[in-house]
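Protein sequence lines, in the order shown, are assigned to chains A and B. For what it's worth, numbering that gives the first Met the number 0 labels the leading residue of the first sequence as 0, then goes sequentially. For what it's worth, numbering that gives the first Met the number 0 labels the leading residue of the second sequence as 0, then goes sequentially.
Calculated directly from the structure, the hints in this document are not laboratory data. Bear in mind the structure is a predicted one, so any value in this text is a computation, not a measurement. Just so you know, even glycine gets a beta-carbon here, dropped at the ideal spot from N, CA and C. There are no misleading hints in this set.
Restraint-style ranges between C-beta atoms, simulated for each label pair:
{"no.": "1", "chain 1": "B", "residue 1": "N213", "chain 2": "A", "residue 2": "E15", "range": "36 to 46 Å"}
{"no.": "2", "chain 1": "B", "residue 1": "N213", "chain 2": "A", "residue 2": "S85", "range": "49 to 59 Å"}
{"no.": "3", "chain 1": "A", "residue 1": "L22", "chain 2": "B", "residue 2": "S71", "range": "28 to 38 Å"}
{"no.": "4", "chain 1": "B", "residue 1": "N158", "chain 2": "A", "residue 2": "S85", "range": "46 to 56 Å"}
{"no.": "5", "chain 1": "B", "residue 1": "P232", "chain 2": "A", "residue 2": "G225", "range": "25 to 35 Å"}
{"no.": "6", "chain 1": "A", "residue 1": "E240", "chain 2": "B", "residue 2": "A228", "range": "30 to 40 Å"}
{"no.": "7", "chain 1": "A", "residue 1": "Q192", "chain 2": "B", "residue 2": "G183", "range": "53 to 63 Å"}
{"no.": "8", "chain 1": "A", "residue 1": "L214", "chain 2": "B", "residue 2": "S22", "range": "17 to 27 Å"}
Given next are the chains, with one letter for each unit.
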Amino acid sequence: MNITVCAKQIPDPANEITYDNGLISRPEEQVLDDTDRYGIEIALQLKEKYDAEVTVISMGPAGTQKGLQQALQMGADKTLYVDDDSLRGANSLMTASILSELAKTTNADIVIFGTESTDGYTGTVPQQVARFLKLDCISYIKGIEISENVTLTRQTLEGSEKVVMPEKCVLSVTAGGVEPRYPNFKDIMAAKQKTVEKVELASLSMNASQNLEFLDIEKLENNKNGEKIIDEGEAYQVVIEKLKELKVI
Amino acid sequence: MKTLILGEVIDNKLSSGTLEIVSKANALGLDFRVVTVGSSDAPVIGSSTFQQTYIKRSSESLQFSNIADKLSQIIQEENISLLLAPSTYQSRDLVSFLSVDLSSSPVSNVINFEIKDDSVITTNSINGGESIYKTKIISSHSLLLIRPKSFDPIDIELNSEYQTIEVEDSSVEIFDIFKEEKSGPQLEDSKIVISAGRGMVEKENLSFVEDLANKLNAAIGGTRAIVDAGWMPYSQQVGQTGKTVKPDVYIACGISGATQHQVGMKDSKFIIAINKDEEAPIFQLADLGIVGDTLNIIPKINENI
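Extracted from the complex, chain A is given alone in its bound form (with noise of 0.2 Å):
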């Protein structure tokens, strides 16, 4: 079995975000998106069911590669990765359309993905991805129970719901579903020898075209300036004279 897990570097989220021209400014150095540990350690579960082989593909600027080599020592096998100038500023099904080629080259039976990514939030692109190769989206997962068969759970509006995981599809895994496994040294060690393969563009075919112009980024003033006290052990009297005031009691 072949299982190909998206997923993405973006800037370190302890750093204020910055834009250029309405694109995020990417430092040489990007780091793993902690969304997508969710996924690479459904992964890992299902290669220790399967033994199947874990691929890493992404897209954008590879940098330092710093954020590939994060998912090589929770313990994927290799990374496939395009980075090309004339990407820059894709949108989301020019996005899916890449990384759908990308799984195609690994024979993906399944290919997983995190919800939606720390930086964009945009949130379309697994759903994206199963439409263009044509297989089943289970999205929103929270949850995986591996016995004969592999048992998943959905996030619904009102709850859960759960589905038995087909031979081939594309997974969406939510944050806190499992607990993604943290690299030991052997396990640094090791990543260092994954091979680490950029893939040319021209060798994929692009099925999408940019339809979204930038036209305008504001900066809003959000600071309030409101009331701030210290608390000296009576500060809770203003809360409650303030939600008198707001007749909330």
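Start from chain A and add chain B according to the hints.
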């Protein structure tokens, strides 16, 4: 501009997210019809003011790609050029599938839009509402996923008059359907919301928040961190990936205010924040900020009201 609004059913009625979009479509004078997808048997979703079509899905089969096929067909046959959908699980799946069929990348997290010279211009709130981002859509189909609470819902009488379409089952069966019990005021429509974050330190301390919520008849929310930690069900998550709330009063207890959380609550009318860390970003949004230990302050409030 011929428009299709993708509706949803909640509690056997048209969801508030759908009613918000209908209200905006009316305000813009759009020529629209509604196609609603749900699994209820006979929801009350019809209206004398617009054409409603109900795609009834089976709750025991994952049919979304078949439903997308049906929607694609309607969009092509009816020459629809604008698709508006609430940003929910179901609609995100459907709109994403449709974007491939229609070769048009959707715009997610839309909080407003306008039509100018036959083009759709969208406004997004990014970085937790820190910035506003404007996009012009250049394609024959414009697909928008709209954040809840972006517009005021329309107040209309609903009926049971609409056409119903059924779609074929897929090979993926659904089982063990679980519905979370709803009790007390619900996040989306409560006038007062009290939310908890990591600053509550441990799950047991949520009882302080629950006591206060009972006294104020408030709904309880939480940050992604505590929902991921299993302290609260996902349905109570406030933020980018959870719910958007706009109560009269929002009380943030032990919440630092990551942008992810801010986007779900920043439009609340009056925000009270209690947090130990004076530098916490939540204080920038707060009308009243208390720098102190939530675990001391909330019990004292409870004892004195």
